[in-house]
Amino acid sequence: MKLSEKKIEVSNLVVSYGRKEALKGITLDIFANEILAIIGPAQSGKTTLLKVINRTIEFIPGAKVRGMVKVDSQDVSQIKNVYELRRKIGMVFPLPVGLPLSIYDNVAFAPRAAGIHNRAQLDELVERCLTQAALWDEVKDRLSSLGTKLSGGQQQRLTIARALSHQPEILCLDEFSIAVDPVTTMRIEEVLKQLRSEVTIILVTNLVQQARRLADRTAFILNGKMIEINTTDVIFSDSPDNKMTYEYVNGIFG
Amino acid sequence: MNHEPITMTAPQSTQKLFTETALGRRKKISETIAKYIFFVMALLMIAPLLLIVEYLFIKALPVLSIDFLTTNPINGMRAGGIWAPLLGTVYLVVMSLLVAAPIGVMAAIYLNEYARDNWLTRIINLAVVNLAGVPSIVHALFGLGAFVLFAGIGRSILAASLTLAIMTLPVIIASTKEALAAVPIAFREACWNVGATRWQTIRSIVLPNSISGILTGIILQVSRAAGETAPIMFTGVVFFKAIPEGDIFAYNLFDQCMALSMHLFTISTQVPNVPEALPYGTAVVLMATVLLVNALAITFRVYLRSRKRW
Numbered sequence: 071m072k073l074s075e076k077k078i079e080v081s082n083l084v085v086s087y088g089r090k091e092a093l094k095g096i097t098l099d100i101f102a103n104e105i106l107a108i109i110g111p112a113q114s115g116k117t118t119l120l121k122v123i124n125r126t127i128e129f130i131p132g133a134k135v136r137g138m139v140k141v142d143s144q145d146v147s148q149i150k151n152v153y154e155l156r157r158k159i160g161m162v163f164p165l166p167v168g169l170p171l172s173i174y175d176n177v178a179f180a181p182r183a184a185g186i187h188n189r190a191q192l193d194e195l196v197e198r199c200l201t202q203a204a205l206w207d208e209v210k211d212r213l214s215s216l217g218t219k220l221s222g223g224q225q226q227r228l229t230i231a232r233a234l235s236h237q238p239e240i241l242c243l244d245e246f247s248i249a250v251d252p253v254t255t256m257r258i259e260e261v262l263k264q265l266r267s268e269v270t271i272i273l274v275t276n277l278v279q280q281a282r283r284l285a286d287r288t289a290f291i292l293n294g295k296m297i298e299i300n301t302t303d304v305i306f307s308d309s310p311d312n313k314m315t316y317e318y319v320n321g322i323f324g
Numbered sequence: 026m027n028h029e030p031i032t033m034t035a036p037q038s039t040q041k042l043f044t045e046t047a048l049g050r051r052k053k054i055s056e057t058i059a060k061y062i063f064f065v066m067a068l069l070m071i072a073p074l075l076l077i078v079e080y081l082f083i084k085a086l087p088v089l090s091i092d093f094l095t096t097n098p099i100n101g102m103r104a105g106g107i108w109a110p111l112l113g114t115v116y117l118v119v120m121s122l123l124v125a126a127p128i129g130v131m132a133a134i135y136l137n138e139y140a141r142d143n144w145l146t147r148i149i150n151l152a153v154v155n156l157a158g159v160p161s162i163v164h165a166l167f168g169l170g171a172f173v174l175f176a177g178i179g180r181s182i183l184a185a186s187l188t189l190a191i192m193t194l195p196v197i198i199a200s201t202k203e204a205l206a207a208v209p210i211a212f213r214e215a216c217w218n219v220g221a222t223r224w225q226t227i228r229s230i231v232l233p234n235s236i237s238g239i240l241t242g243i244i245l246q247v248s249r250a251a252g253e254t255a256p257i258m259f260t261g262v263v264f265f266k267a268i269p270e271g272d273i274f275a276y277n278l279f280d281q282c283m284a285l286s287m288h289l290f291t292i293s294t295q296v297p298n299v300p301e302a303l304p305y306g307t308a309v310v311l312m313a314t315v316l317l318v319n320a321l322a323i324t325f326r327v328y329l330r331s332r333k334r335w
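Protein chains in written order, with our numbering: chain L, 71 to 324; chain S, 26 to 335.
No lab work stands behind these hints: they were computed from the structure. Just to be clear, a hint being listed does not mean it is correct.
Unchecked claim - Selected chain L positions facing chain S (Cβ under 10 Å, derived; list incomplete):
no., residue
1, 126
2, 132
3, 137
4, 155
5, 160
6, 161
7, 163
8, 165
9, 168
10, 238
11, 239
12, 297
As the list claims (entries may be wrong) - Calculated from the model, a selection of chain L residues having no Cβ within reach of chain S, i.e. all distances over 10 Å:
no., residue
13, 91
14, 150
15, 183
16, 193
17, 198
18, 295
19, 309
For every residue, glycine included, the Cβ atom is placed at its ideal position computed from N, Cα and C.
Could you put the whole structure together from the sequences, leaning on the hints where they help?
This is the structure in structure tokens:
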């Protein structure tokens with residue numbers, strides 16, 4: 071596989087919440103149109119990394135960021151239009167959040183916030199995003215009912231549809247499958263494989279097998295430090311570069 | 026497959042579990058006693074309200090009529106109705122809310138949605154809490170100094186309303202902040218993640234889902250503003266002033282006015298030989314006005330809550 075263009079460059083990233091350091095100097099590059107899986111136990115700083123990339127870390131009181139994160143060769147901390155940056159990045163967090171709006175408005179929220187009000191354009195976008203998130207068939211007859219009334223798994227797919235609604239170039243999924251049943255998980259994984267041609271995907275996951283199924287490369291983060299980043303084949307082989315990777319992947323610790 | 030016959034004998038211990046023991050009986054008795062003591066205490070709360078309402082109504086009955094509401098006091102306030110004070114109270118309450126509600130809600134939105142935790146925010150929050158704790162008579166003196174004398178508004182409906190607004194403002198800020206904080210932070214994060222600004226998030230998600238709580242907080246301040254005597258007596262309310270009966274625009278903002286709370290105080294303590302029913306009638310109207318507003322607030326809240334979306 072050809073890994074050419076660097077989409078995201080992270081160098082020496084240190085993030086601390088008060089006295090606690092969540093990330094202790096992470097360096098990695100993420101290439102365009104790859105699926106990068108990030109694995110590692112809870113509290114190892116995976117979510118923090120995602121929040122730095124789209125700068126929602128700013129909403130956490132007391133969070134301090136050092137080091138450099140570049141998206142499309144631009145230092146994110148220097149970006150004036152942070153909303154443009156966030157629209158470039160789709161975010162899905164572990165717990166589904168259906169906004170207290172109709173299903174349609176949930177998906178149309180981001181385009182509207184970006185100034186798209188053309189009804190036909192919105193209709194088309196909503197249908198495409200819901201289809202991509204494997205939800206369209208279930209909700210196409212009740213788009214005006216409340217997003218919050220959907221089941222947990224449906225809400226998570228709604229969240230994914232919303233993350234796709236602003237046509238991101240990067241899609242970050244933080245343990246998206248926690249609230250989703252296995253069948254739906256597989257459907258979404260299929261969608262992710264198809265999306266690979268259009269977007270760069272960062273997949274934070276606790277399910278190492280999910281990383282194995284989907285990712286081109288896999289990064290193993292432990293306690294805020296990068297233990298190993300390598301092609302998924304190497305990570306899951308019998309001889310990854312770091313012994314701890316082997317032990318984590320094979321369930322010997324963590 | 027090998028099926029063994031299932032024997033259905035209940036284990037002996039199960040039967041033992043459900044027989045009454047001495048300990049069980051004692052627990053049951055103390056449970057019953059505790060429950061009824063608490064119940065009676067809770068029931069006691071109804072008594073004062075019922076007694077007040079009943080007592081007031083019986084005493085006020087001789088004067089209660091539509092004329093009582095629509096005519097001015099006459100005969101040195103020993104007869105007639107309460108038109109001037111009733112209208113004055115309405116003016117004061119409406120004016121003070123028109124000032125306090127927008128300022129309070131906007132300040133609360135800033136404090137809850139925008140403010141970072143720094144020294145300035147902490148000072149503002151401290152000011153709000155302390156302002157809420159200032160006795161109303163002190164507000165009165167502040168209003169006299171700031172609005173009547175310093176700003177040169179003079180004793181007027183405007184000065185009295187502003188004083189009432191200052192008094193209700195901190196409570197409106199506090200209740201609005203609470204209503205805003207009740208909207209889950211996850212909704213905001215979801216909006217920020219898709220590139221919405223804070224204001225877009227507030228407008229489309231936070232406000233529509235907290236408006237019932239915000240309005241409740243505001244409307245509950247009506248009863249406070251209507252009932253207070255101290256803040257208005259120095260700043261714009263007079264003992265007596267006749268106005269055209271039936272004209273709801275009878276007061277000018279720079280006029281002085283009468284008010285129900287003040288009128289009640291006057292005719293119960295300052296004027297000799299007032300028929301007994303008159304102060305009670307005034308009290309009933311004051312209370313009915315407040316209860317009416319509260320009832321409206323509750324109905325409105327129930328309506329808004331039924332549209333709540335999560």
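Verification of the supplied hints:
1. Here the hint on residue 126 of chain L is kept, as its CB sits about 6 Å from the closest CB of chain S, short of 10 Å.
2. Residue-level restraint check for residue 132 of chain L holds (minimum Cβ-Cβ distance to chain S is 8 Å; threshold 10 Å).
3. A hinted interface residue such as residue 137 of chain L counts as satisfied when its beta carbon comes closer than 10 Å to some beta carbon of chain S; here the least separation is about 22 Å, so the hint is violated.
4. Look at residue 155 of chain L: its Cβ gets to within about 8 Å of chain S, closer than 10 Å, so that hint holds up.
5. Against a cut-off of 10 Å between C-beta atoms, the interface hint on residue 160 of chain L holds, since the closest Cβ of chain S lies about 8 Å away.
6. Hint status for residue 161 of chain L: holds, given a least beta-carbon distance of 4 Å to chain S, under 10 Å.
7. Below 10 Å, beta-carbon pairs count as interface contacts, and residue 163 of chain L has one with chain S at about 8 Å; its hint therefore holds.
8. Given the 10 Å rule on beta carbons, the hint for residue 165 of chain L holds: about 7 Å separates it from the nearest Cβ of chain S.
9. For the restraint placing residue 168 of chain L at the interface with chain S, the shortest Cβ-Cβ distance is roughly 8 Å, inside the 10 Å limit, so the hint holds.
10. A hinted interface residue such as residue 238 of chain L counts as satisfied when its beta carbon comes closer than 10 Å to some beta carbon of chain S; here the least separation is about 9 Å, so the hint holds.
11. Annotation: residue 239 of chain L was flagged as interfacial toward chain S, and the flag is violated, the nearest CB pair being 13 Å apart, outside 10 Å.
12. Annotation: interface hint on residue 297 of chain L violated; nearest CB of chain S at approximately 28 Å, more than 10 Å.
13. Remark: the non-interface label on residue 91 of chain L is consistent with the geometry, its nearest Cβ contact in chain S lying 20 Å away (cut-off 10 Å).
14. Taking the minimum C-beta to C-beta distance to chain S, about 14 Å, the non-interface status of residue 150 of chain L holds against the 10 Å cut.
15. Distance to chain S contradicts residue 183 of chain L as a non-interface residue, since its nearest Cβ pair spans about 4 Å, not more than 10 Å.
16. No beta-carbon of chain S comes within 10 Å of the beta-carbon of residue 193 of chain L; the shortest separation is about 18 Å.
17. Look at residue 198 of chain L: its CB is around 16 Å from the nearest CB on chain S, clear of 10 Å, so calling it non-interface holds up.
18. With a cut of 10 Å on Cβ distances, residue 295 of chain L stays outside the contact zone with chain S, its closest approach being about 26 Å.
19. The non-interface label for residue 309 of chain L is consistent with chain S: the shortest C-beta to C-beta separation is roughly 39 Å, beyond 10 Å.
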